[in-house]
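*Asks:* These are the residues of each chain, in order.
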Amino acid sequence: MDIQLNCPVPLRHDTIQMAHGGGGRMMRELLESVLLPAFRSEALDTRHDAAVLALEGSRLAFTTDTYVVRPRFFPGGDIGELAVYGTVNDLAMAGARPLYLSVGMVLEEGYPIEELRRVAASMKAAADRCGVSIVTGDTKVVDRGKGDGLYINTAGIGAVPAGLSVGPRHVRPGDAVLVSGDVGRHGVAVMSVREGIAFTTPVESDCGPLHGLVGALLGGGVVPSCLRDATRGGLAAVLNEIATDAAVGVEVHEADIPVIAGVEGACELLGLDPYYVACEGRMVAFVPGDAAERALAVLHATPGGEGASRIGTVTEKGPGTVILRTRLGTRRILDLLSGEQLPRIC
Amino acid sequence: MRFVDEYRNAAAARPWIEAIRALVTRPWAIMEVCGGQTHSIVRFGIDELLPPEIRLIHGPGCPVCVTPVELVDKAVAIASRPEVIFCSFGDMLRVPGSASDLLEVKSRGGDVRIVYSPLDALKVAGDNPGRKVVFFAVGFETTAPANAMAVAEARRRGLGNFSVLVSHVLVPPALEAVLSSPQRQVDGLLAAGHVCAIMGTGEYAPLARRHRVPIVVTAFEPLDLLQGIHMVVKQLEEGRHEVENQYDRLVRPEGNLPARELIREVFQVKDRAWRGIGVIPMSGLGLREAYAAFDAERIFDVEGVGGPESPDCRSGLVLQGIIRPQECPAFGSPCTPDHPLGATMVSNEGACAAYYRYRRHTPA
Numbered sequence: 001m002d003i004q005l006n007c008p009v010p011l012r013h014d015t016i017q018m019a020h021g022g023g024g025r026m027m028r029e030l031l032e033s034v035l036l037p038a039f040r041s042e043a044l045d046t047r048h049d050a051a052v053l054a055l056e057g058s059r060l061a062f063t064t065d066t067y068v069v070r071p072r073f074f075p076g077g078d079i080g081e082l083a084v085y086g087t088v089n090d091l092a093m094a095g096a097r098p099l100y101l102s103v104g105m106v107l108e109e110g111y112p113i114e115e116l117r118r119v120a121a122s123m124k125a126a127a128d129r130c131g132v133s134i135v136t137g138d139t140k141v142v143d144r145g146k147g148d149g150l151y152i153n154t155a156g157i158g159a160v161p162a163g164l165s166v167g168p169r170h171v172r173p174g175d176a177v178l179v180s181g182d183v184g185r186h187g188v189a190v191m192s193v194r195e196g197i198a199f200t201t202p203v204e205s206d207c208g209p210l211h212g213l214v215g216a217l218l219g220g221g222v223v224p225s226c227l228r229d230a231t232r233g234g235l236a237a238v239l240n241e242i243a244t245d246a247a248v249g250v251e252v253h254e255a256d257i258p259v260i261a262g263v264e265g266a267c268e269l270l271g272l273d274p275y276y277v278a279c280e281g282r283m284v285a286f287v288p289g290d291a292a293e294r295a296l297a298v299l300h301a302t303p304g305g306e307g308a309s310r311i312g313t314v315t316e317k318g319p320g321t322v323i324l325r326t327r328l329g330t331r332r333i334l335d336l337l338s339g340e341q342l343p344r345i346c
Numbered sequence: 001m002r003f004v005d006e007y008r009n010a011a012a013a014r015p016w017i018e019a020i021r022a023l024v025t026r027p028w029a030i031m032e033v034c035g036g037q038t039h040s041i042v043r044f045g046i047d048e049l050l051p052p053e054i055r056l057i058h059g060p061g062c063p064v065c066v067t068p069v070e071l072v073d074k075a076v077a078i079a080s081r082p083e084v085i086f087c088s089f090g091d092m093l094r095v096p097g098s099a100s101d102l103l104e105v106k107s108r109g110g111d112v113r114i115v116y117s118p119l120d121a122l123k124v125a126g127d128n129p130g131r132k133v134v135f136f137a138v139g140f141e142t143t144a145p146a147n148a149m150a151v152a153e154a155r156r157r158g159l160g161n162f163s164v165l166v167s168h169v170l171v172p173p174a175l176e177a178v179l180s181s182p183q184r185q186v187d188g189l190l191a192a193g194h195v196c197a198i199m200g201t202g203e204y205a206p207l208a209r210r211h212r213v214p215i216v217v218t219a220f221e222p223l224d225l226l227q228g229i230h231m232v233v234k235q236l237e238e239g240r241h242e243v244e245n246q247y248d249r250l251v252r253p254e255g256n257l258p259a260r261e262l263i264r265e266v267f268q269v270k271d272r273a274w275r276g277i278g279v280i281p282m283s284g285l286g287l288r289e290a291y292a293a294f295d296a297e298r299i300f301d302v303e304g305v306g307g308p309e310s311p312d313c314r315s316g317l318v319l320q321g322i323i324r325p326q327e328c329p330a331f332g333s334p335c336t337p338d339h340p341l342g343a344t345m346v347s348n349e350g351a352c353a354a355y356y357r358y359r360r361h362t363p364a
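Line order of the protein sequences matches chains V and Y.
Take the first sequence: its letter number 20 is residue 20 in the UniProt record's numbering, and every next letter is one higher.
Take the second sequence: its letter number 80 is residue 80 in the UniProt record's numbering, and every next letter is one higher.
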């Protein structure tokens, strides 16, 4: 007899809300109460960006993600690049060298083929840049009004170096927390186009691949405890997920977290917190404390890692909690968001 | 970031903290009126930097928090109608009504849109002549001029499909209520800088005189707040009770005269219910009769719509500075940002949300 041991957390809503996809607490609740109990598998339970699977002596990383972005073209990138880099990055976060991608597309009736050509070319260029091949795919067309032009799913396979294992369960107190560059750019770039808000300093998305940085770290002799790319929910979501999954505390310093002026200004204006705004080309690396300096030096010398910074340390205090040391020297919680960030009245 | 970083500088903050310490000889309770100030205080931990004699009390200045539950219910009812495009500032969407909120209406298929200005809503109305576009005109004196402008512009352009659901509240009558309460705990006030930028400081002198309370118009950044607190404490220690202006880089005594004129043209002062507090006489704005054609409450006939507030929510006491968020029995459980019982837990500027988000459990 199949006994259900997981007790699903009761959900507040009986229909899907936008915040269920926002990378915050509601998304985590949805996964924990509906999908993970339904799918139950050891690989899913590792709560990592990609599953690492043993296959006749070799170890493969396997991951999938679906890309729904409005607008499809934004400053610094487009949905096609995003769909390639996103999946490549998820593989890289498991320490894998990305090899093959599949592409599934849901196209809405009436979607211009010329735009599809542009997206496809962009995907191919991104794949070439990452050294991955697009080897299989699928297209479906839905009635006009039943989609948003184009949705893309990509799945990817990569090879994991022998003996390498990174993930939340390896994180220990004393580990250093590094971020590969400034945070919050992608969300602000997309928002500036979507909402028609013009900023004096235009912000470009950070959309880009991270496998080069991971390769450089490993090549430089740094074995990270855990890697995670900051996407929806931003830096704060990543730190909270790792703190919870690894049952450790994390303390980060506001003064050390890089945020460019354009992002900070836009967030001030809209009443948003840049630590919760999405990135698409930023890695958070947990590395043993004694390897932190070397790791930073390697990142600084690698394209895409010039702006890397040590932002904090893993602690034993308050498992599951992320503490932010403010610029004024006080401490506060950097929590997981409840829903989506909403711009304020005044 | 120019003009912001300067006001968050730790080295520049230190002398102000020392100066406050040097001044204080006895306990004082200071209320910051505005929710933006509350969030700054908790986000930057300013209260932790102050000497223990200074107690900061959080005031009623969050327009999202004080919008009455029945008006949220009316918004939900109007937004649920198929012919309506309901436009609102983002932070009103998650505020719980008695049974639902605007985000739920959206997930059920209602056309609910976030806008950044009432003029954006006006544009939506111009672009959708076959639909009825309603803007949720919420806020203190700060947002009233832009909302008034949207209504005046709609009339000028003859936009018959545009209307506003008005929930404007005014700060001075609320302060009068707080200061004249028998449960009053407040010795000094930090007035809301942005409100005074519109309205000026004239309305505060009688309050300061009548209630013998120093009032310092204060901005929102850490250095502003420390300087404002210093000015209040100095008055208290010297036995003065005057209106002073910390935010003189923006606030003029007379305020913004064209903006005030626009408010007067479109709105009239009326009694208003404040969520958790109740009706405060002459504490809000409603559309003048000349603009009745743009009043969503009349157009959609939502008279009588509205259920009760949660009996477990103590947000009214929090808004009046009578209890602190964590003194509410529901704080943290069952009331959380995921399951808010009241608006102070859900709003970006609500005191309960600030404490939940930044202070819930800081390990030593």
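No wet-lab data here; the hints were simulated from the structure.
Don't take every hint at face value.
To be verified - Now the stretches of chain V that chain Y is said to cover, found in silico as 3 or more residues with beta-carbon under 8 Å: (1) 65-71; (2) 261-271.
What the hints assert, rightly or not - A partial selection of chain V residues facing chain Y, derived with a Cβ cut-off under 7 Å: (3) V298; (4) H300; (5) A301; (6) P303; (7) I333.
What the hints assert, rightly or not - Quick list of in silico lysine-lysine cross-link-like pairs, BS3-like style, CA-CA up to 27 Å: (8) Y/K106 - V/K146; (9) Y/K270 - V/K146; (10) Y/K106 - Y/K123; (11) Y/K234 - V/K146; (12) Y/K106 - Y/K132.
Remember, it's a predicted structure, so these values are computed and weren't measured experimentally.
The beta-carbon is built from N, C-alpha and C at its ideal position, and this holds for glycine as well.
*Asks:* The structure should be examined with respect to each hint, and the outcome stated for every one.
*Replies:* Right, here's what the structure says about each hint:
1. 65-71: Check failed, 0 qualifying residues.
2. 261-271: holds (count 6)
3. V298: Because about 30 Å separates V/V298 from the closest Cβ in chain Y, which is outside the 7 Å limit, the hint is violated.
4. H300: violated, 24 Å
5. A301: violated, 29 Å
6. P303: Since chain Y brings no Cβ nearer than about 27 Å to V/P303, farther than 7 Å, the hint is violated.
7. I333: holds, 5 Å
8. Y/K106 - V/K146: With Cα atoms ~17 Å apart, Y/K106 and V/K146 stay inside 27 Å; holds.
9. Y/K270 - V/K146: At roughly 46 Å apart (the allowed maximum being 27 Å), V/K146 and Y/K270 break the hint.
10. Y/K106 - Y/K123: holds, 20 Å
11. Y/K234 - V/K146: Distance of about 64 Å is beyond 27 Å: violated.
12. Y/K106 - Y/K132: The given pair, whose Cα atoms are some 16 Å apart, holds under the 27 Å limit.
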